[in-house]
Amino acid sequence: KAGVTQTPRYLIKTRGQQVTLSCSPISGHRSVSWYQQTPGQGLQFLFEYFSETQRNKGNFPGRFSGRQFSNSRSEMNVSTLELGDSALYLCASSLAPTQATVTEAFFGQGTRLTVV
Amino acid sequence: ILNVEQSPQSLHVQEGDSTNFTCSFPSSNFYALHWYRWETAKSPEALFVMTLNGDEKKKGRISATLNTKEGYSYLYIKGSQPEDSATYLCAFYGGSQGNLIFGKGTKLSVKP
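Protein chains in written order, with the numbering used here: chain A, 18 to 133; chain B, 15 to 126.
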């Protein structure tokens with residue numbers, strides 16, 4: 018069974034540009050959550066999608082957005098990149114929304130975004 | 015703002031030592047407490063999901079306990095091995111916020 022796949026693994030962008038990151042969940046998993054990790058910080062929750070609907074959103078500016086497709090694949094978009102957006106972005110998939118379950122989340126290896 | 019605290023931040027032990035870390039979380043509206051192991055250049059991997067007060071879970075040399083009334087969980091590693099070197103994350107799930115809240119992790123280094 019394939020794990021959670023994130024692409025690309027590494028990305029370098031310039032301030033002001035926009036970026037799109039992709040996450041393919043484990044087959045059969047319909048919930049995808051996105052997290053940001055910066056040095057010295059824990060995983061910060063960005064948003065969660067289930068059945069193409071955003072169910073929950075963390076405390077991030079509107080420049081961060083996402084969507085989910087009918088095959089459960091999810092994309093995250095960051096517009097007008099800032100230096101502080103440099104981080105590791107992880108996605109995690111699970112069978113059902115975290116509000117309705119206490120099952121484990123399965124993580125991808127992340128996308129390392131560097132903004133210069 | 016809900017907060018999850020982990021201590022210590024980092025730990026250096028010798029191979030064969032036993033060790034433990036702490037995760038503190040809000041004691042109200044508790045649903046679940048997750049533990050993950052995150053090795054360098056890999057994905058975080060679930061160790062345990064704990065839901066009941068007094069729960070104890072074990073996987074090989076690693077075990078965890080849960081006290082929801084006072085809001086803490088302990089992770090124990092018996093006879094640490096170099097391959098146990100990783101960052102150990104705990105995450106709290108409570109009914110009011112609808113998402114996992116992660117601590118900053120405890121980074122364990124095991125010297126051969």
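There's no promise every hint is true.
Derived DSS-like pairs (lysine-lysine); straight-line CA-CA distance at most 27 angstroms [what the hints assert, rightly or not]:
#1 74/A / 56/B
#2 71/B / 56/B
#3 56/B / 92/B
#4 83/B / 125/B
#5 74/A / 72/B
#6 56/B / 30/A
#7 83/B / 72/B
No lab work stands behind these hints, which were simulated from the structure alone.
Every value quoted in this text rests on a predicted model; they were computed, and no experiment measured them.
Results of checking the hints against the structure:
{"no.": "1", "hint": "74/A / 56/B", "in the structure": "holds (26 angstroms)"}
{"no.": "2", "hint": "71/B / 56/B", "in the structure": "holds (24 angstroms)"}
{"no.": "3", "hint": "56/B / 92/B", "in the structure": "holds (23 angstroms)"}
{"no.": "4", "hint": "83/B / 125/B", "in the structure": "violated (36 angstroms)"}
{"no.": "5", "hint": "74/A / 72/B", "in the structure": "violated (33 angstroms)"}
{"no.": "6", "hint": "56/B / 30/A", "in the structure": "holds (23 angstroms)"}
{"no.": "7", "hint": "83/B / 72/B", "in the structure": "holds (21 angstroms)"}
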